[in-house]
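Undergrad: The chain contents come next:
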Amino acid sequence: MEHGEGTQAKAEKSCSVCVVDAVTAAILMLIGALVMYDAHRVGSAWSPEVGPQAGYFPFYIGLLIFVCSVVTFYQSTFSKNRDRSVFVDWSQFKRVLQVLVPSIVYAVGVSTLGIYVSSTLFIGGFMLLLGKYRILPTLLVSVGVSAVMFWMFEVQFLIPLPKGPLEAWLGY
Amino acid sequence: MEEIAALFHGFAVVLSPENFMLMLLGVVLGVIIGVLPGLGGANGIAILLPLTFSMDPTSAIIMLSCIYWGALFGGAITSILFNIPGEPWSVATTFDGYPLAQQGRAGEALTAAFTSSFFGAFVAVVIITFLAPLVADFALEFGPPEFFSVYLLTFCSFVAMGKGSPFKIIASMMLGFALAAVGIDTVTGQLRLTFGITELLKGFDFLVAVIGLFGIGEILLTMEEGLEFRAAAQGKINLKVVLETWAKLPRYWITAIRGSLIGCWLGITPGGATPASFMSYGVAKRMSKDGDKFGTGQIEGIVAPETAAHAAGTSALLPMISLGIPGSPTAAVLLGGLLIWGLQPGPLLFVEKADFVWGLIAAMYLGNIAGLIVVLTCVPLFAAILRIPFAVIAPVIIVICAVGAYTVANAQVDIWYMIAFGFIGYVFKKLEYPLAPLVLAIVLGDRAEDSFRQSMLVAQGDLTVLWSNWLVGSITTLALVMLFWPLISKGLKRIRSGRIDTLQEQRPVE
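Protein chains in written order, with our numbering: chain A, 1 to 172; chain B, 1001 to 1510.
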């Protein structure tokens, strides 16, 4: 889903609602088909011993996703009054990516640097680059939030969050 | 009147100094959650839920339900002062609230909004007090077919009450069911929909889905719209304004009662707070003698949607505690909490954990009063939170969401799921796929499936078991009417060719 949209936005600077609608419906059709396929694999019939098999219920779920998405796909591609307005223009989508991409990097950071260090970097980077803040307020907020988090989770509630090399070095 | 006695017992359980502090803390947190973009009632509670695992269940539910009230109140603040609905159900409040704020009557508008919210919630709690035990009593007789028909009614109601394409509503709902089915089948122990991927074995936790869909999705949407908040007015409230507004409010009693009843009806059948607020606004506009002045800053135009939204938000808890079927995503999160604390929501809860249930109901009364006092006194503080620039708020909220998603199951993969759900939430919201049925389907998926399979087993695969007696038959039939309501209403419109409801156009998809 993510990929299809990104490339479209780049190709024509914007894409209309009905195109995204059709792409989403197509993906949902695929998901519906996948669900039906897997339900069929585990058994979607009635068996005399266990009654409805494991795939009995999911099969119809998949079928409904598929059928509904076919209708949506049809409406978004062939209907006369389909919505041709812009889904998202490039400058808007750029702003969305400005959050989305750092969030993905942040998730990578959590597994390598631990959650406290990467949260500090994430908040700090966001404030410096997008908020155009000076170093001092940036440091105060980013380190402050992580410190409060550390105090709350590790000290108060004793819930361990993912930690990295820095915390190990500090003895946690 | 054994309910009254039980209720007073509940007050005794709740009224300890410690619980009272939790109540205030909950309301304040709730209002902050309601005011901030990207944090709403559902995902705010989802994030805080893991922190309450170590608490006593009664104290925990008191705090969480107060967060819920706080979040309901918070939506009105942003609607009136900033013309930004903090929550979908406060969209209708902007119609008259914002014009009032522009005329410099923000204090009046806020007081009216809070008082009507309080009134709506109060009516709903009274209804819960007397109706929930009855429903639970009634439901003790339920077998699997009855439960399945109630699930069916719950989900079909979304099609009838929802806005937009019924196919999208069903697709979104079924996607939720499919996500719920991922993992080990509880009956046969077979692996389903995992495609050999080990990470999928544990399935998708709905709390992670809620945090992603509502939290990250909302942040992405806010980002797209740009970062500016335009403050319209100062949110000053003083005692004089409050008393003056209170003196005016009794004149709108019919609107308030009508709004509360609409709200209760749509909250119990899961229509949700958003349609309720719009329906109440629309009805008030049609019935009021000042109807044509609506939208220019009428107090009555605030009373109508606010009473309905709060009545709906509160009464959504009725089916949750009496049947174990939540009426809204937030109620679903609370239900998730009950399950984690080892409490099985449903009719037996009233019998087995009477202390807990009546404590919860008593907390609803007290939490509302606490909420009203907190919001009336602290508006300037909450309005100040909104002036914190988005470049600071956005990353902090994402970090909070990530921590919340991680602590659900101490799994890092959940942070990835959260981001993925966030993107899905963003696209779905823009394409008008509703998110509430998706979330409820993830929560209820397994139990709906279990009751379906049990009914099928009993009946040897005969679907007519859903019409085997008058009770299950009428619920199933009602469910089917709801399912085909878009078609039926189209037919009715063609016969009557009545007025076009312009308000429907402005209503957001929930």
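What the hints contain is simulated information worked out from the structure, not anything from laboratory work. Where hints are given, some of them may not hold.
[What the hints assert, rightly or not] Computed footprint of chain A on chain B, listed as stretches where at least three residues anywhere in the stretch have a Cβ under 8 Å from a Cβ of chain A: (1) 1041-1055; (2) 1242-1250.
[Said to hold, decoys possible] SDA-like mimics (lysine to any residue), calculated; alpha carbons at most 25 Å apart, straight line: (3) B/K1202 - A/G114; (4) B/K1202 - A/V50; (5) A/K132 - A/W90; (6) B/K1163 - A/C18; (7) B/K1163 - B/K1430; (8) B/K1490 - A/L113; (9) A/K94 - B/E1224; (10) A/K94 - B/L1221; (11) B/K1163 - A/N81; (12) A/K80 - B/V1159; (13) B/K1240 - B/A1384; (14) B/K1163 - B/I1385; (15) B/K1163 - A/L64; (16) A/K132 - B/K1490; (17) A/K94 - B/E1432; (18) A/K163 - B/E1199; (19) B/K1430 - A/Q98; (20) A/K80 - B/L1487; (21) B/K1163 - A/L63; (22) B/K1202 - A/L34.
[Claimed, not checked] Which residues of chain B face chain A? A few of them, derived with a C-beta cut under 8 Å, are: (23) A1181; (24) G1183; (25) D1185; (26) Q1190; (27) I1197; (28) P1395; (29) Y1406; (30) A1409; (31) V1427; (32) L1457; (33) L1463; (34) T1464; (35) W1467.
For glycine and all other residues, C-beta sits at the position ideal for the given N, C-alpha and C.
Undergrad: Taking the hints in turn, state whether each one holds.
TA: Hints and how they fare:
1. Closer than 8 Å: that is the beta-carbon criterion, and the stretch 1041-1055 of chain B has 3 residues meeting it against chain A, so the requirement of 3 holds.
2. Remark: the stretch 1242-1250 of chain B is not confirmed as covered by chain A, as 0 of its residues place a Cβ nearer than 8 Å to a Cβ of that chain, below the required three.
3. Using a Cα cut-off of 25 Å, the hinted pair B/K1202 and A/G114 holds, with the two alpha carbons roughly 23 Å apart.
4. For the hint pairing B/K1202 with A/V50, the CA-to-CA distance comes to about 24 Å; that is within 25 Å, so the pair holds.
5. Restraint check for A/K132 and A/W90: the C-alpha separation of about 22 Å stays at or below 25 Å, so the hint holds.
6. For the proposed pair B/K1163 and A/C18, the alpha carbon gap of about 18 Å is at most 25 Å, so the pair holds.
7. Taken as a hint, the B/K1163 and B/K1430 pair is honoured in the structure, with Cα atoms around 14 Å apart against an allowance of 25 Å.
8. The hinted pair formed by B/K1490 and A/L113 fails the criterion: a straight-line CA distance of about 57 Å is larger than 25 Å.
9. Distance hint between A/K94 and B/E1224 is fulfilled; the C-alpha atoms sit about 8 Å from each other, no more than 25 Å.
10. For the proposed pair A/K94 and B/L1221, the alpha carbon gap of about 12 Å is at most 25 Å, so the pair holds.
11. With a C-alpha separation of about 18 Å, the suggested pair B/K1163 and A/N81 falls inside the 25 Å cut-off, and the hint holds.
12. At roughly 24 Å between alpha-carbon atoms, A/K80 and B/V1159 fall within 25 Å of each other, so this suggested pair holds.
13. Distance check on the hinted pair: B/K1240 and B/A1384 sit about 22 Å apart at the alpha-carbon level, within 25 Å; holds.
14. Of the pairs offered as hints, the one joining B/K1163 and B/I1385 is violated, with about 32 Å between alpha carbons and a cut-off of 25 Å exceeded.
15. Among the hinted pairs, B/K1163 with A/L64 is consistent with the structure: their alpha-carbon atoms are about 19 Å apart, no more than 25 Å.
16. Between A/K132 and B/K1490 the CA atoms are separated by roughly 53 Å; this puts the pair beyond 25 Å, and the hint is violated.
17. A hinted pair counts as satisfied when its Cα atoms are at most 25 Å apart, and A/K94 with B/E1432 qualifies at roughly 22 Å.
18. Restraint check for A/K163 and B/E1199: the C-alpha separation of about 21 Å stays at or below 25 Å, so the hint holds.
19. Note on B/K1430 and A/Q98: the hinted pairing holds, with a Cα-Cα distance of about 18 Å set against a maximum of 25 Å.
20. Our distance criterion of 25 Å between C-alpha atoms is met by A/K80 and B/L1487, whose separation comes to about 20 Å.
21. Proposed proximity of B/K1163 and A/L63 is supported: the alpha carbons are some 23 Å apart, at most 25 Å.
22. Straight-line distance between C-alpha atoms of B/K1202 and A/L34 comes to about 19 Å, which keeps the hinted pair within the 25 Å bound.
23. A least Cβ separation of about 5 Å between B/A1181 and chain A falls short of the 8 Å threshold, and the interface hint therefore holds.
24. A hinted interface residue such as B/G1183 counts as satisfied when its beta carbon comes closer than 8 Å to some beta carbon of chain A; here the least separation is about 11 Å, so the hint is violated.
25. With a least beta-carbon distance of about 4 Å to chain A, the hint placing B/D1185 at the interface is held under the 8 Å criterion.
26. About 4 Å separates the beta-carbon of B/Q1190 from the nearest beta-carbon of chain A, less than 8 Å, and the hint is met.
27. The criterion of a C-beta within 8 Å of any C-beta in chain A is not met by B/I1197, whose closest approach is roughly 12 Å, and the hint is violated.
28. Below 8 Å, beta-carbon pairs count as interface contacts, and B/P1395 has one with chain A at about 4 Å; its hint therefore holds.
29. Annotation: B/Y1406 was flagged as interfacial toward chain A, and the flag holds, the nearest CB pair being 6 Å apart, inside 8 Å.
30. Among the interface hints, the one on B/A1409 is violated; its C-beta lies about 12 Å from the nearest C-beta in chain A, farther than the 8 Å criterion.
31. The closest approach between the C-beta of B/V1427 and any C-beta of chain A is roughly 6 Å, which is under the 8 Å cut-off, so the hint is satisfied.
32. For B/L1457, the interface hint holds, since its Cβ comes within 8 Å of a Cβ in chain A; the closest pair sits about 4 Å apart.
33. Of the supplied interface hints, the one on B/L1463 is violated, with its beta-carbon coming no nearer than about 12 Å to a beta-carbon of chain A, more than 8 Å.
34. With its C-beta approaching chain A no nearer than about 15 Å, B/T1464 sits outside the 8 Å limit, and its interface hint is violated.
35. With its C-beta approaching chain A no nearer than about 19 Å, B/W1467 sits outside the 8 Å limit, and its interface hint is violated.
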